[in-house]
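With the hints as extra help, turn the sequences into a complete structure.
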Amino acid sequence: MVARVLTVTSGKGGVGKTTLAANVSIALAMRGQRVVVIDADVGLRNLDVMLGLENRIVYDLVDVIEGRCRLRQALVRDKRLSELFLLPAAQTRDKSAVQPDDMVRVCGSLREQHDFILIDSPAGIEQGFRYALAPADEILVVTNPEVAAVRDADRVIGLIEAEEQGLARLVINRIKPNMVRRGEMLDIADVVELLAIDLIGIVPEDTAILTAANRGQPLALFSDSSPAGRAFHNIARRMLGEDVPFLTLREPGMLKRIFRFVRSGGEL
Amino acid sequence: MRFFERLMGRRDKSSSGRVAKERLRLVLAHDRADISPALLDTLKDEIVAVISRHVAIDADGVQVTFSQSARESSLVADIPLLTGSRKRRK
Numbered sequence: 001m002v003a004r005v006l007t008v009t010s011g012k013g014g015v016g017k018t019t020l021a022a023n024v025s026i027a028l029a030m031r032g033q034r035v036v037v038i039d040a041d042v043g044l045r046n047l048d049v050m051l052g053l054e055n056r057i058v059y060d061l062v063d064v065i066e067g068r069c070r071l072r073q074a075l076v077r078d079k080r081l082s083e084l085f086l087l088p089a090a091q092t093r094d095k096s097a098v099q100p101d102d103m104v105r106v107c108g109s110l111r112e113q114h115d116f117i118l119i120d121s122p123a124g125i126e127q128g129f130r131y132a133l134a135p136a137d138e139i140l141v142v143t144n145p146e147v148a149a150v151r152d153a154d155r156v157i158g159l160i161e162a163e164e165q166g167l168a169r170l171v172i173n174r175i176k177p178n179m180v181r182r183g184e185m186l187d188i189a190d191v192v193e194l195l196a197i198d199l200i201g202i203v204p205e206d207t208a209i210l211t212a213a214n215r216g217q218p219l220a221l222f223s224d225s226s227p228a229g230r231a232f233h234n235i236a237r238r239m240l241g242e243d244v245p246f247l248t249l250r251e252p253g254m255l256k257r258i259f260r261f262v263r264s265g266g267e268l
Numbered sequence: 001m002r003f004f005e006r007l008m009g010r011r012d013k014s015s016s017g018r019v020a021k022e023r024l025r026l027v028l029a030h031d032r033a034d035i036s037p038a039l040l041d042t043l044k045d046e047i048v049a050v051i052s053r054h055v056a057i058d059a060d061g062v063q064v065t066f067s068q069s070a071r072e073s074s075l076v077a078d079i080p081l082l083t084g085s086r087k088r089r090k
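First to last, the protein sequences are chains V and F. Letter 233 of the first sequence, counting from 1, is numbered 233 in the numbering used here, and no numbers are missing. Letter 76 of the second sequence, counting from 1, is numbered 76 in the numbering used here, and no numbers are missing.
Think of the hints as simulated: they come from the structure by calculation, not from any bench. As the structure is a prediction and not an experimental result, all values here were calculated from the model. Ideal Cβ placement from N, Cα and C applies to all residues, glycine included. Check each hint, because a few of them may be wrong.
Unchecked claim - Here are the in silico distance ranges between beta carbons for each label pair:
# : chain 1 : residue 1 : chain 2 : residue 2 : range
1 : F       : ARG25     : V       : GLU242    : 26 to 36 Å
2 : F       : LEU43     : V       : GLU193    : 20 to 30 Å
3 : V       : ASP243    : F       : HIS54     : 52 to 62 Å
4 : F       : SER74     : V       : ASN214    : 46 to 56 Å
Claimed, not checked - Once the Cα atoms are required to be at most 20 Å apart in a straight line, the calculated EDC-like pairs of lysine to aspartate or glutamate come out as:
#  : chain 1 : residue 1 : chain 2 : residue 2
5  : F       : LYS44     : F       : ASP58
6  : F       : LYS13     : V       : GLU193
7  : V       : LYS12     : V       : GLU126
8  : F       : LYS13     : V       : GLU146
9  : V       : LYS79     : V       : GLU54
10 : F       : LYS44     : F       : ASP31
11 : V       : LYS176    : V       : GLU205
12 : V       : LYS176    : V       : GLU193
13 : F       : LYS13     : V       : GLU184
14 : V       : LYS12     : F       : ASP31
See the structure below:
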């Protein structure tokens, strides 16, 4: 058993990296995969609260790197899924405490006993991004359908290609189908065309994401209860090699539009 | 026509989604090539200077732009020659 190491990154902050890392980890673990998810955002620890594991942390990534504990001691086992582990970030240190080699070494020791290692990269393209990328076999680039996020994603894709750091695939997060329909948002085809990399997931905007984060109970735990939850599971399934059609966020069919047009008295 | 386009669900050119795409297309081309619009102007001026030393060209008609396919961009210089200038002046 040799784990695949997947780094989740985006360039821009706030596009949903941590939410994606948490939910895809859960979806993979629910499919019987043995998963470790590493919070690489040293100094700005967040993945623990997203997963609802914040009260169970004893040691962290920097403790492991600096030899204050064994790797096994720092892994927090998820109560809900016995095959999901979190390796938390240090909160009182900064990114200079971790070198790319450290991450390669930590992932190296985890590879034998797991199927997937997900790394939640910090925003930006500095040290944190560098060490999060170093051990990656594959990369998930997260973006939103908006100008600033797509631009930053393009920059990150350029850096990944320059490093020849494995296959990068795109997740478009926070699509608002209604706005796309009105032409007031970049649609999926636009973003894929602009960034010119393979798409692995689209996640619709979903207020349930926030309520799930409030409770520390990521949506993916309740797989079929929400569109975004389904989208995270679809990403996990595609990572496992399943051929899953993308959620249909397309505009309504011709008949529905004609009906709407007639009903609205031609105003549309 | 506009009604028809709305019915077809097609976006018109002024929709903000369309504008976003066009702006991004340009920004990404500049980012990827690491060439600013100002540098593009400088390039254009110097290309005009070099070529005019050998050939008569229409300096005002020169255009230096990006061309983009997938993740590769190239510089395209469109340089009209003045050989047909008599015709054009009419």
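A quick look at each hint next to the structure:
1. In this structure, ARG25 of chain F and GLU242 of chain V meet the distance hint of 26 to 36 Å, their C-beta atoms being roughly 33 Å apart.
2. For LEU43 of chain F paired with GLU193 of chain V, a C-beta distance near 27 Å keeps the hint of 20 to 30 Å intact.
3. For ASP243 of chain V and HIS54 of chain F, the hinted distance range of 52 to 62 Å is satisfied, since their beta carbons lie about 58 Å from each other.
4. Our hint of 46 to 56 Å for SER74 of chain F and ASN214 of chain V holds, since their Cβ atoms are close to 49 Å apart.
5. The suggested pairing of LYS44 of chain F with ASP58 of chain F holds, with an alpha-carbon distance near 12 Å, which does not exceed 20 Å.
6. For the proposed pair LYS13 of chain F and GLU193 of chain V, the alpha carbon gap of about 18 Å is at most 20 Å, so the pair holds.
7. Our distance criterion of 20 Å between C-alpha atoms is met by LYS12 of chain V and GLU126 of chain V, whose separation comes to about 12 Å.
8. Of the supplied pair hints, the one linking LYS13 of chain F and GLU146 of chain V holds, its CA atoms being roughly 17 Å apart against a limit of 20 Å.
9. Under the criterion of a C-alpha separation no larger than 20 Å, the hint pairing LYS79 of chain V with GLU54 of chain V is consistent with the structure, at around 12 Å.
10. About 19 Å separates the Cα atoms of LYS44 of chain F and ASP31 of chain F, which keeps this hinted pair within 20 Å; it holds.
11. Taking the CA atoms of LYS176 of chain V and GLU205 of chain V, the gap is about 6 Å. The hint holds against a cut of 20 Å.
12. Only pairs whose Cα atoms come within 20 Å are accepted, and LYS176 of chain V paired with GLU193 of chain V is accepted, the gap being roughly 18 Å.
13. The suggested pairing of LYS13 of chain F with GLU184 of chain V holds, with an alpha-carbon distance near 11 Å, which does not exceed 20 Å.
14. For the given pair, LYS12 of chain V sits about 15 Å from ASP31 of chain F by alpha-carbon distance, which is consistent with the 20 Å threshold.
Checked against the numbered hints listed earlier, the structure breaks none of them; every hint is satisfied.
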